[in-house]
Amino acid sequence: MVIQTIYLPHLPANPIHIFLFENVKNAAFLREQLMAGNMEFEYTFLDSTMILSLHHVLAAMFRAVNDLKHNRIRTKNVHSEAVFCLSPNNNIAESFRRFGLSGATESMLAIKVGGLDPTTPLDQEAEKVKRHILASVDGSPLDSLDRIDDFADLDKIRKVYKLQKGSKSNRTGGQSAQVNTGNGDEEREEMEAVILGLMALRGA
Amino acid sequence: MTLTTAAVTTAHTLPPPFTSPTSPPLDLRVQGAESLLYKTTLLTPSLPCALKYRPPKAYRHATLDRRLTKARLLAEARVLVRCRRDGVTVPGVLGADWETGWIALEWVEGRTVREVLDGVYHVREHRDAQSAEEKEGKEGIEGIEKQLLGLMRKVGVAVGKLHSVGVCHGDLTTSNLMLRPRKKKRTTHPGHDAAEAAEAAEADIAMEALRDAQAQEPEPEQELDGDVVLIDFGLANQTVQDEDKAVDLYVLERAFGSTHPQAEHLFQEVLNAYGENYKAGQTVLRKLDQVRMRGRKKSMLG
Numbered sequence: 001m002v003i004q005t006i007y008l009p010h011l012p013a014n015p016i017h018i019f020l021f022e023n024v025k026n027a028a029f030l031r032e033q034l035m036a037g038n039m040e041f042e043y044t045f046l047d048s049t050m051i052l053s054l055h056h057v058l059a060a061m062f063r064a065v066n067d068l069k070h071n072r073i074r075t076k077n078v079h080s081e082a083v084f085c086l087s088p089n090n091n092i093a094e095s096f097r098r099f100g101l102s103g104a105t106e107s108m109l110a111i112k113v114g115g116l117d118p119t120t121p122l123d124q125e126a127e128k129v130k131r132h133i134l135a136s137v138d139g140s141p142l143d144s145l146d147r148i149d150d151f152a153d154l155d156k157i158r159k160v161y162k163l164q165k166g167s168k169s170n171r172t173g174g175q176s177a178q179v180n181t182g183n184g185d186e187e188r189e190e191m192e193a194v195i196l197g198l199m200a201l202r203g204a
Numbered sequence: 001m002t003l004t005t006a007a008v009t010t011a012h013t014l015p016p017p018f019t020s021p022t023s024p025p026l027d028l029r030v031q032g033a034e035s036l037l038y039k040t041t042l043l044t045p046s047l048p049c050a051l052k053y054r055p056p057k058a059y060r061h062a063t064l065d066r067r068l069t070k071a072r073l074l075a076e077a078r079v080l081v082r083c084r085r086d087g088v089t090v091p092g093v094l095g096a097d098w099e100t101g102w103i104a105l106e107w108v109e110g111r112t113v114r115e116v117l118d119g120v121y122h123v124r125e126h127r128d129a130q131s132a133e134e135k136e137g138k139e140g141i142e143g144i145e146k147q148l149l150g151l152m153r154k155v156g157v158a159v160g161k162l163h164s165v166g167v168c169h170g171d172l173t174t175s176n177l178m179l180r181p182r183k184k185k186r187t188t189h190p191g192h193d194a195a196e197a198a199e200a201a202e203a204d205i206a207m208e209a210l211r212d213a214q215a216q217e218p219e220p221e222q223e224l225d226g227d228v229v230l231i232d233f234g235l236a237n238q239t240v241q242d243e244d245k246a247v248d249l250y251v252l253e254r255a256f257g258s259t260h261p262q263a264e265h266l267f268q269e270v271l272n273a274y275g276e277n278y279k280a281g282q283t284v285l286r287k288l289d290q291v292r293m294r295g296r297k298k299s300m301l302g
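Here the protein sequences come in this chain order: B and E.
Positions 1 to 204 (our numbering) are the ones given, in order, by the first sequence.
Positions 1 to 302 (our numbering) are the ones given, in order, by the second sequence.
Keep in mind the hints are simulated off the structure, nothing from the lab.
Incorrect hints may appear among the rest.
Keeping only pairs whose Cα atoms sit at most 27 Å apart, straight-line, the calculated DSS-like set for lysine-lysine is [said to hold, decoys possible]:
1) K39/E to K162/B
2) K69/B to K279/E
3) K165/B to K279/E
Estimated spans, in silico, between C-beta atoms of each pair [to be verified]:
4) K159/B to T19/E: 19 to 27 Å
5) K156/B to N237/E: 30 to 38 Å
6) M293/E to I92/B: 49 to 57 Å
7) L74/E to N71/B: 17 to 25 Å
8) K69/B to E142/E: 20 to 28 Å
9) R74/B to S258/E: 17 to 25 Å
10) E115/E to K159/B: 50 to 58 Å
11) P45/E to A28/B: 32 to 40 Å
12) K25/B to R60/E: 56 to 64 Å
13) P261/E to K156/B: 51 to 59 Å
14) T44/E to R97/B: 27 to 35 Å
For glycine and all other residues, C-beta sits at the position ideal for the given N, C-alpha and C.
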């Protein structure tokens, strides 16, 4: 199953179709389609080195769909809005540059929000999206999203969100004696918690 | 605002997207004066979250109401994100909508320090009433006391850390301190390709066996083990004044004194840990003496 369809809790009408690719050769072409406003290519394309975890990308999707429902998206459509929703600040162009595809992108996420057109049945829509994306991306689709974490470039992500390395280690002095501070998983969890907060507060 | 458990008589309507009948349930846990707290999930069905909703108040002018809701919600969210970034143990912010008035926070497992103390002292009274033979295992009252001191220490460290990053809680009670059990080892495994997946499956079986073994042998100290997490920052502010910090400690001291008179002597350990772990804490502790003399309402005197 190269297509992963995720139903966000509380947004059951809009399944999120996610594809993860590695060895991508035509990122520049895909980016051009977005820039040209080619409607066929209305996807959220993300450079997966900028994505920390599944929660990270889902938080952006949730906010984008929710903002769409409240009629307050600031970019062209819900898919570009999701890229903007990853940003810690209000600079739209910058968010596309940081999280979107560049000529150098080798691993990427392609995401499509389903259920936007009520006339298309959801299962037909999923099939159509799958066919189109597999034909459009020149790369190797992965069977599962488990590896999202592996593509993350922590240093780059820290820089964009202005996080300090190992912020976990100064956590509540006395308690840390027993807490495993050198643990990579734990640092990622701390990063994720802060990043989701920064994303939620964007525009406040 | 102190959140208190209350019988729910009125059904509140949540704003979208929390209105879908086919979505995960929203379980109302706490009803406060300003907000309702629901347990639900967000982002994935396996990520529990605390949804705090501030319903509009009909008696306020609509424009003013929206402004107040927005300001308070954002103040809380900003303090939480800042604390989390600076290493204070608080729940993370998963999402927010200041126009409709909700904020979604990481769900904190475990019990409040108040419940922990209630449990300990209830058991003790119960035990005193019964014969001395009823003692559970080797752990006597002294053992529990020692563990409680450890808990007090963690509370002092956590509050010291909070104050050291320049944040005051504003409503520091034993109900707003959670004792979260330490997380078990992650059970997820990266099953990359077929061969690795098979390996992982084997490892998984081994893990399973290990977990079973651990489950059969509960550690006696597990009860009071864990991390102290500060919750409910609805009244928090970012301040540099020692006065506000001293009032935080004073409020906590009073909370201990009134709900757990038996635990009052333990409070000194909170202050000890606070002073040892927070460099500027000594001046706050001196200030605390002044606050004790007159109560927390500075302006009401004189």
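Could you say whether the range 30 to 38 Å given as a hint is met by the Cβ separation of K156/B and N237/E?
34 Å, holds
May I ask you to test the hint 17 to 25 Å on the CB atoms belonging to L74/E and N71/B?
Given a distance of about 21 Å, which is inside 17 to 25 Å, the answer is holds.
Assess, step by step, whether the Cα of K39/E is no farther than 27 Å from the Cα of K162/B, and give holds or violated.
Violated, because 31 Å separates the two Cα atoms, which is more than 27 Å.
Are the Cα atoms of K165/B and K279/E separated by 27 Å or less?
23 Å, holds
Does the Cβ-Cβ separation between K69/B and E142/E fall within 20 to 28 Å?
59 Å, violated
Evaluate the given range 51 to 59 Å for the C-beta pair formed by P261/E and K156/B.
Roughly 54 Å apart at Cβ, these two residues keep to the hinted range, so it holds.
Can you let me know if the beta-carbon spacing of T44/E and R97/B is within 27 to 35 Å?
Given about 29 Å between the Cβ atoms, the range holds.
Honestly, do K25/B and R60/E meet the 56 to 64 Å range at C-beta?
The hinted range 56 to 64 Å holds for K25/B and R60/E, with Cβ atoms some 59 Å apart.
Does the Cβ distance between R74/B and S258/E fall inside 17 to 25 Å?
50 Å, violated
Is the gap between the beta carbons of M293/E and I92/B within 49 to 57 Å?
56 Å, holds
Taking 50 to 58 Å as the hint, is the beta-carbon distance of E115/E and K159/B inside that range?
42 Å, violated
How does the Cβ-Cβ distance of K159/B and T19/E compare with 19 to 27 Å: does it lie in that range?
With a Cβ separation near 39 Å, K159/B and T19/E fall outside 19 to 27 Å, so the hint is violated.
Violated hints for the displayed structure, listed by number in ascending order: 1, 2, 4, 8, 9, 10.
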